[in-house]
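Each residue of the sequence shown is one higher than the last, beginning at 15 in this note's numbering.
It is possible that some hints are incorrect.
[What the hints assert, rightly or not] Okay, derived cross-link-like pairs now, SDA-like style, lysine to any residue, Cα gap no bigger than 25 Å in a straight line:
hint	residue 1	residue 2
1	23	80
2	31	54
3	32	20
4	32	57
5	26	58
6	31	53
[To be verified] Restraint ranges, calculated between C-beta atoms of paired labels, are given here:
hint	residue 1	residue 2	range
7	26	75	18 to 26 Å
8	76	53	30 to 38 Å
9	76	54	12 to 20 Å
10	75	54	25 to 33 Å
11	76	56	28 to 36 Å
12	74	47	20 to 28 Å
13	32	62	19 to 27 Å
14	78	22	28 to 36 Å
15	16	41	29 to 37 Å
16	55	75	31 to 39 Å
Rather than coming from a laboratory, the hints here were simulated on the basis of the structure. From the three backbone atoms N, C-alpha and C, an ideal C-beta is built for every residue, glycine too.
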Amino acid sequence: TYQGISKTKLAKRYGMKKAADVVNWLRSMGKEDLLQSGLTATPCQYVPLEHLAELDALWASRTGARQFLLGEG
Numbered sequence: 015t016y017q018g019i020s021k022t023k024l025a026k027r028y029g030m031k032k033a034a035d036v037v038n039w040l041r042s043m044g045k046e047d048l049l050q051s052g053l054t055a056t057p058c059q060y061v062p063l064e065h066l067a068e069l070d071a072l073w074a075s076r077t078g079a080r081q082f083l084l085g086e087g
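Sequences are here, hints too, so could you generate the full structure?
Structure follows, in structure tokens:
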């Protein structure tokens with residue numbers, strides 16, 4: 015098991031369509047190292063809970079680059 019939040023749940027948290035959007039956003043800020051591998055019924059990537067406050071602040075300040083949804087901005 016792991017203590018963290020999956021890419022899919024982060025995408026939902028930040029209003030992104032796909033988990034890959036989270037990876038691209040983290041990569042654009044040089045934060046892709048926050049993703050760690052964990053085991054569930056299937057392998058997954060997650061961000062440990064202690065990094066959520068940092069990501070929430072980065073998201074709120076519109077830091078990093080990502081593809082915006084139609085009508086968003």
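Outcome of the hint check:
1. 23 x 80: 17 Å, holds
2. 31 x 54: The hint holds at about 22 Å.
3. 32 x 20: 12 Å, holds
4. 32 x 57: Cα-Cα ~17 Å, so holds.
5. 26 x 58: The hint holds at about 16 Å.
6. 31 x 53: This hinted pair holds, its Cα atoms lying about 23 Å apart.
7. 26 x 75: 18 to 26 Å: Holds, at about 20 Å.
8. 76 x 53: 30 to 38 Å: 34 Å Cβ-Cβ, so the 30 to 38 Å window holds.
9. 76 x 54: 12 to 20 Å: 31 Å, violated
10. 75 x 54: 25 to 33 Å: At 31 Å between Cβs, range holds.
11. 76 x 56: 28 to 36 Å: At roughly 33 Å between Cβ atoms, residue 56 and residue 76 fall inside 28 to 36 Å, so the hint holds.
12. 74 x 47: 20 to 28 Å: This hint holds: roughly 21 Å between Cβ atoms.
13. 32 x 62: 19 to 27 Å: This hint holds: roughly 21 Å between Cβ atoms.
14. 78 x 22: 28 to 36 Å: 18 Å, violated
15. 16 x 41: 29 to 37 Å: For residue 16 and residue 41 the Cβ distance comes to about 21 Å; the hint is violated.
16. 55 x 75: 31 to 39 Å: 36 Å, holds
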